[in-house]
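Residue numbers (our numbering): 1 to 191.
Wrong hints could be hidden among the right ones.
Pairs of lysine-lysine, BS3-like flavour, derived with a Cα cap of 30 Å [said to hold, decoys possible]:
id, residue 1, residue 2
1, Lys188, Lys132
2, Lys100, Lys128
3, Lys128, Lys188
4, Lys132, Lys100
Calculated from the structure, these hints are not laboratory results.
Nothing here was measured: the structure is a model prediction, and the numbers come from that model.
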Amino acid sequence: MKKTIVLFLTFSLFATLLVGCGKKEDTTTVTPEVGTETPVETPETPEDGEAVDVVTTASLVDNGEALVQALSAEGTWIASTLNDITLTEDLVVEGEFMNKEVVARKIAPYTQDEERNITASFTITAPKLIVKSENTKLQGGTFVGDVYVEANGFTVSAATVEGNVYFSTQEFMDSAVFDETGIVTGAKEVQ
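Model the full structure from these sequences, guided by the hints.
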């Protein structure tokens, strides 16, 4: 029963995201299945200035293999987990993705209700989380392991890193954001 409620709330969240992020004239809502990608149409303007529709996606993942794929260069801008995930390999966030016309990546180990209140938080465990994508945000939930940041704009919000956060340059460290709800149990330093 509890799992059914969590899945229903997660599907409702993504259906809401689809409606809010889709074209204004399109009122069709698509409910994603676990482990699948949900297409969301967003406009992109190429160099010639003519608008083109491209498809970006959000992934709901429930296993390590799907999480690794979702955060890869061929993945999606956001990866939301539906349970705790443990990896024996490093987790790498790479590639450039857009969210609301801004370069962004999001790791979201949580589910939320229609009012965007976190209803369940999950833990991702890996030897390392290597962040190569600009403006990557860890929000909600916990990452257990060390984080290696190789890009600007890393953010921890309403989340915990049980480990250290190492930055490859001072510039990357200076651009990082750890708000009052972002907790790091270890060091935050340039290495």
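A quick look at each hint next to the structure:
Distance restraint check for lysine 188 and lysine 132: the Cα-Cα separation of roughly 17 Å lies within the 30 Å cut-off, and the hinted pair is therefore satisfied. A distance of roughly 29 Å separates the Cα atoms of lysine 100 and lysine 128; the hinted pair therefore holds under the 30 Å criterion. Among the hinted pairs, lysine 128 with lysine 188 is consistent with the structure: their alpha-carbon atoms are about 14 Å apart, no more than 30 Å. Taking the CA atoms of lysine 132 and lysine 100, the gap is near 20 Å; set against the 30 Å cutoff, the hint holds.
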